[in-house]
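Starting from the known structure of chain A, fit chain B onto it as the hints suggest.
Protein chains: 2
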Amino acid sequence: MRLSRYYLPLLKETPADAQIASHRLMLRAGMIRQEGAGIYAWLPLGFRVLKKIEQIVREEQNRAGAVEMLMPTIQSADLWRESGRYDAYGKEMLRITDRADRDMLYGPTNEEMITEIFRAGVRSYKDLPKMLYHIQWKFRDEIRPRFGVMRGREFLMKDTYSFDIDEASARASYNKMFVAYLRTFARMGLKSIPMRAETGPIGGDLSHEFIVLAETGESAVFCDRQLVDMDTPNKDIDFDGDLQPVIDQFTAHYAATDEMHDEAAFEKNVEENNRVSARGIEVGHIFFFGDKYSTPMNAVVAGPDAGDIPVQMGSYGVGVSRLLGAIIEAYHDESGCKWPTPVAPYHVGLVNLRAGDDSCDATCEKLYAELTSQGVEVLYDDTSARPGEKFARMDLIGLPYQVVIGPRGLENDEAEVKTRADGAKETMPVDTVAQHVGSAVLKALQYA
Amino acid sequence: MRLSRYYLPLLKETPADAQIASHRLMLRAGMIRQEGAGIYAWLPLGFRVLKKIEQIVREEQNRAGAVEMLMPTIQSADLWRESGRYDAYGKEMLRITDRADRDMLYGPTNEEMITEIFRAGVRSYKDLPKMLYHIQWKFRDEIRPRFGVMRGREFLMKDTYSFDIDEASARASYNKMFVAYLRTFARMGLKSIPMRAETGPIGGDLSHEFIVLAETGESAVFCDRQLVDMDTPNKDIDFDGDLQPVIDQFTAHYAATDEMHDEAAFEKNVEENNRVSARGIEVGHIFFFGDKYSTPMNAVVAGPDAGDIPVQMGSYGVGVSRLLGAIIEAYHDESGCKWPTPVAPYHVGLVNLRAGDDSCDATCEKLYAELTSQGVEVLYDDTSARPGEKFARMDLIGLPYQVVIGPRGLENDEAEVKTRADGAKETMPVDTVAQHVGSAVLKALQYA
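Chains A and B supply the protein sequences, listed in that same order.
When you line the first sequence up against this note's numbering, it's residues 1 to 448, in that order.
When you line the second sequence up against this note's numbering, it's residues 449 to 896, in that order.
Just chain A, same shape as in the assembly (with noise of 0.2 Å):
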């Protein structure tokens, strides 16, 4: 992309009502713009990185088995009375009359729905298990929306639904979102630990957060460093097999969110060098609940034997929008953006040092075909603008890597190359860099 035809627009002073990293770098880089009170437009940059999020959450979402879908935004009110929940959600819960008064709502979330969708198309034990998800807008009304997208009114979720016949069956499904869900974060750079959460009514142990550690987060968490330091595991795990064993390996150190926190447990259970007690972001959340909606819905399946048999459901949550948000917090310095590669909104910044000059054009040019030939993803700063700042440009969007072309370099025929996340630079000849920075490019972008 060149950037004389991007939509880049950036702000130079910082939003005064922006009190986290994540909120004002997203500004100020030109990545989200306010609508209204926690409803961001995604400019083009920050949308880039919005759609690798959902991506890489997709993808292992299919990869742990669930089928995509797509439920709307406006719900039914009478599909909120059946759950019991249209009068319990309260004011978070943005009400809507259309035009024939009829009581409609923006979904907050969606198990009414799925509950409704599965009943009207399944029928037996035979046709369990099943696993659906969809990536979709929601709207909470919260009364004070702020961090940015963090905190944000409209925001995009992932949510999964399983519903299985018997509780054993539902533990592999839940199982299997784990796992998914430790994959699908560390591929975005984030290590996070899942944490026992509130199961409410139902009671069980079958619910957990998901926490990223940053300085800002919205929660105190504590946990055994054992867990932060532990694999993640690999694309070769077989989702159809047992899963219990890495569940184990995650769920036998102590991890707990504020709520959840208990220090008597937290010290004997942790040796003290070993205890962290930081701040956390919440970026998923799955939760087992049983016939909560499936009996008072009447989401029955006929059973092995005669009668019909309520499914066991979990629901299990990523918060895409927010992600955004949490992968900042986690990578950022000073001066702008630090993008693990795989969510960056591209790989490679190409600044022409003297836009207008034939021999550095032409550079340019050559580098911008070779490299996007090889799939890397380059914004071509092809401006008239003063190279401090298209420097300060490039440290803010926080590209991975910076190739700058200038008439002093290629009296040598040289580059330089930056690296963004730890700020090197290295000068080599013009016709290395393609293959240079390209294989470093595809190297980071597989994963394990």
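In case anyone wonders, no lab produced these hints; they're calculated from the structure.
These figures come from a predicted structure and were not determined experimentally.
You may find that some hints are simply not true.
[Said to hold, decoys possible] In silico DSS-like links for lysine-lysine, alpha-carbon gap of 25 Å or less: (1) A:K191 x A:K51; (2) A:K366 x B:K814; (3) B:K814 x A:K235.
[To be verified] A partial selection of chain B residues facing chain A, derived with a Cβ cut-off under 8 Å: (4) S524; (5) Y534; (6) Y537; (7) K539; (8) I544; (9) F587.
Glycine included, every Cβ here is placed at the ideal spot set by N, Cα and C.
Chain B only, in chain A's frame:
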């Protein structure tokens, strides 16, 4: 995908209120489920088609130089008060009040919001032209939603907006979209005919509807047969070059919807045996509207001379979800859908006539792996349903190729391959199937 793990709830009965083929078939084939008047959930099979259509639209927008972003579904009423459309829009606008009593709305279109975004980020004529687009759910509170996804209330639309310094430049942007639209629909197997449309108070000739001919179309259309036979510009066309000759070629012949039709001109300008009088479905609409929004909303740029100039704008819509209906109307028979390969939910239906039989299972697994490894998308019917049910199901969902494996054929190491488009059946050695079907699919995915 193995059908045993998929979610494909077919309907045996044809729903009474579904008046047209696409609506009936989408419900019967388990592609959509109605969740409210004019509101549909996209079940896994329908979702896949929706995504493929969206991706073709996206690729052709990018090729034409438009930059993708994403605006939120919920908009502030104040923005629409600026343009004067808040009161003018009427009851089709879904108006919402949030918990803080702010007037909001579910966006039916985005001229106001994109103008607001543009004016905040662009200052100089040197930054023009710009073309921005998004693919987002819209809501129009139709009084009488009908024809399934063809006239729903919540629908997916691609809308592009162009910003230019003067009318000549705006015409160049318009021409890019004109050509992109011809290509977009052609890649889905649709012959679209650009027809001059009402331009409203601005006048001029810069508004075209793109119409697909179909018996069930909502409006009567009239055109010269030469338009139907005209070749679509191929992918090597230079969008930065002069596209006017292409536009001239496509606008030289008579073509008009009901509203614009002039019977005398039709008879005068079109030879009798070239007069096409048919019904059509609108799948796209492009529109130049000058400073209609930029002047009231103060979207100006510094001009080359002193003083600010309001930008010249255009908008360009494609009905993404509606296209599913249009494609089915064009490609179906009594038994079901007949998807063109580029938009088919899967390319191949692999039918195991005796699931559980060692030889049938092993052969199917091998074919499944061989086809998948070529990039061919396979829906594998591994269920225990009876042959008649399996054949009817495959015809209904309409994948381009069916590969049938049964114990009788396997005695001679033979499989049957059926082409859904023409119903042709061919018996061939099992070990030639992957190569034969794979190359047919890959060839159909190439485009000019």
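Review point. Looking back at the numbered hints, which does the structure fail to meet, lowest number first?
Key: Violated hints (numbers, rising): 2, 5 and 6; every other hint is consistent with the structure.
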